[in-house]
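Here is what each chain is made of, one letter per residue.
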Amino acid sequence: MALDQIHKTLAAVICILCFLMGCVQAVPPDLLVALEAIDQDLIALRAPEAAPEEYGQFVRQWVSLKARVQLDDDLITWPWESSDLENELRRLYIMGERTVSQLHERQTSQHRTVQAKVARLEERLHTITSKVESIDGRILLGEKAVQTDLLVKQARSFFEQKDFQRAMQAAEKADYAFKAQALLLSQELGRYADESRIAYWQTLAKQTIDWSRIHQSTAIVVSKAERELTLYKSGRKVLSYPVRLGFNGMLEKRFQGDGATPEGRYRVTDKRGQGQTQFYRALALDYPNAEDRRRFDLAKKSGRIAPAKGIGSLIEIHGADNELLAQTLGCIMLDNPNMAVLYEGVSVGTPVTIVGALTKENTVALALSELVQRRDEI
Amino acid sequence: MLRKASLVSLCLTLVVIAGCAEPPTQQIQDAEKALKDAQESGAATYNADEYAKLEGTLAALRKEVADQDEKFTLFRDYGKAQQLSASAKADSERIKAASVEKKEEAKAAALQAQQVAEEAVKATQDLVAKAPVGKDRAAVEAIKNDVEGLKSLLKQVQASIDKEDYPAAQTQAKAIHDMSQGVSVEIQNALAKVGKGKPTKKK
Chain Y
1 MALDQIHKTL AAVICILCFL MGCVQAVPPD LLVALEAIDQ DLIALRAPEA
51 APEEYGQFVR QWVSLKARVQ LDDDLITWPW ESSDLENELR RLYIMGERTV
101 SQLHERQTSQ HRTVQAKVAR LEERLHTITS KVESIDGRIL LGEKAVQTDL
151 LVKQARSFFE QKDFQRAMQA AEKADYAFKA QALLLSQELG RYADESRIAY
201 WQTLAKQTID WSRIHQSTAI VVSKAERELT LYKSGRKVLS YPVRLGFNGM
251 LEKRFQGDGA TPEGRYRVTD KRGQGQTQFY RALALDYPNA EDRRRFDLAK
301 KSGRIAPAKG IGSLIEIHGA DNELLAQTLG CIMLDNPNMA VLYEGVSVGT
351 PVTIVGALTK ENTVALALSE LVQRRDEI
Chain X
1001 MLRKASLVSL CLTLVVIAGC AEPPTQQIQD AEKALKDAQE SGAATYNADE
1051 YAKLEGTLAA LRKEVADQDE KFTLFRDYGK AQQLSASAKA DSERIKAASV
1101 EKKEEAKAAA LQAQQVAEEA VKATQDLVAK APVGKDRAAV EAIKNDVEGL
1151 KSLLKQVQAS IDKEDYPAAQ TQAKAIHDMS QGVSVEIQNA LAKVGKGKPT
1201 KKK
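First to last, the protein sequences are chains Y and X. Going by my numbering, 171 is the number at position 171 of the first sequence; the sequence numbering is gapless. To convert, take the position in the second sequence, counting from 1, and add 1000; that gives my numbering.
Where hints are given, some of them may not hold.
To be verified - Some chain X residues judged to face chain Y by a derived CB distance under 7 Å, without partners named: (1) D1049; (2) A1052; (3) K1053; (4) S1152.
Stated by the list, open to error - The following residues of chain X were derived to be distant from chain Y, with all beta-carbon distances above 12 Å: (5) A1044; (6) N1047; (7) E1050; (8) L1074; (9) K1107; (10) V1116; (11) L1153; (12) D1162; (13) A1168.
If you're looking for bench data, these hints aren't it; they were derived computationally from the structure. Using N, Cα and C, we set each Cβ at its ideal position, and we do this for glycine too.
Construct the complete structure from the given sequences, taking the supplied hints into account.
This is the structure we're talking about:
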């Protein structure tokens, strides 16, 4: 009977031990669930693309430990025995949590940085576009303008897709494109900010006004930067009118069809009244004059102008056939009422001096200065 | 004598068994090749998280093999390594297939966006073709310049597709489409201002 009792007790102890051993798992399931959640958080934060190193470090350990958990499921441990695997998983959990927090912080900061950068780019694109329009630089920029526009739009698009890295890359390229635009405009229109050139233009205008005074006659001075035509009589300013220029008007005329308005000393060679011109009234100028021809021949010889290009002609001061048109092909256009007054006050032979600008603070120089300043700000 | 013979045969059996515990080299190589195939299919781009896990599995596999290699010959067991190799290979193949599918989807989306952009630029070009050729052409001269720019930008979309950078191609095409529409509106406004073409005038 006593032996039977001992056997029963021993069996009960063995059963309890077996039960205890069977219940003790090497790793608590909730720890695995928590790590799985960390992995999902990292994926949601786009860690595989945004922080491949950090994610790689986490996931390598996670996969390795998970494999060990699966492979070691037959391992029997005592309840009081510490599990190396569990310890490692806990350490990984702490590391994972830290990585999630760091990535979240980094991503928030990236979001702010890229958002600000893209918004700044868009604002600059808007400002620069209007500045470029105001100085007739759109054609001058060629494909650069649409190229820059594309990059800014790409930066916005990637930003909205939360692809901050690509958004930043596109933004950097857009920065560079802005700088290239500002540089090109400075190269082509820099003479409007060149003091010696402005002094030369001022001299040309002064000589024309002096001529008007000396000869008690009329003379016209056109400032392209200010888009203004001024009529002098006996050296005194009698009227000033706004003008519209060629579609590439701020450039110095080089060849036929370039849309530039020529600069230099000209004379009215013909007056075309009603029925003689399609532009209400017109004052024909002697473009190209000897100086224009000399410059053109030199540019052609040096290869700066293609051999097939012509020098152009038929530059006039005329009225508007279409009042809505903002630009001409290279002529100087006035509103018809102003043209009527000018036409009456001018005779054949009247000197017409067309210059780039008459002051250092001309609109082109100011626009260029702002563009360069903004270029440096970006 | 009989006992001695038994002992010798037992030892021999153990040596033979121990000699059989070789690392699953071929399986590991197959798993590594499968991972490389998955990577070449664009898994790192189109299935970045799964691919990272796959690299983790391979790392675990290498560690398991190294751990077993360090053990005394008689105690080596490459069973787990075999399991990991098989799982890595199967996962690689699955991820490769998924990546190929995702890549194809991205390609299809990029090609569609490219087509839409090309059509928009073509429509803009057609509008420009209707623009005046006389002195009123000044009104659309700057716009023509932009259309030339848009045509040139389409080449960039093709370049991105050629490089298999489909996300970039898609955003470029979308931007070109938007810009084309903007230019079209500008042309229509300009055309509304000018009448029909007037005789060409030298300038």
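Checked hints:
Nearest Cβ of chain Y to the Cβ of D1049 of chain X: about 4 Å, under the 7 Å cut. The hint holds. Here the hint on A1052 of chain X is kept, as its CB sits about 5 Å from the closest CB of chain Y, short of 7 Å. Because the beta carbon of K1053 of chain X sits about 5 Å from the nearest beta carbon in chain Y, less than 7 Å, this interface hint is met. Of the supplied interface hints, the one on S1152 of chain X holds, with its beta-carbon coming within about 5 Å of a beta-carbon of chain Y, less than 7 Å.
For A1044 of chain X, the requirement that its beta carbon stay farther than 12 Å from each beta carbon of chain Y is not met, with the minimum near 8 Å. With a closest Cβ-Cβ approach of about 9 Å to chain Y, N1047 of chain X is found to fall inside the 12 Å limit, against its non-interface label. Not every beta carbon of chain Y lies more than 12 Å from that of E1050 of chain X, the smallest distance being close to 9 Å; the non-interface claim is violated. No beta-carbon of chain Y is positioned within 12 Å of the beta-carbon of L1074 of chain X; the least distance is around 20 Å.
Under the 12 Å C-beta cut-off, the non-interface status given to K1107 of chain X relative to chain Y holds; the minimum distance is some 17 Å. With a least CB separation of 14 Å from chain Y, V1116 of chain X remains clear of the 12 Å interface cut-off, as annotated. Not every beta carbon of chain Y lies more than 12 Å from that of L1153 of chain X, the smallest distance being close to 6 Å; the non-interface claim is violated. Interface exclusion of D1162 of chain X from chain Y stands, the closest Cβ pair being 18 Å apart, more than 12 Å.
The claim that A1168 of chain X lies off the interface is violated: its Cβ sits roughly 7 Å from the closest Cβ of chain Y, which falls inside the 12 Å cut-off.
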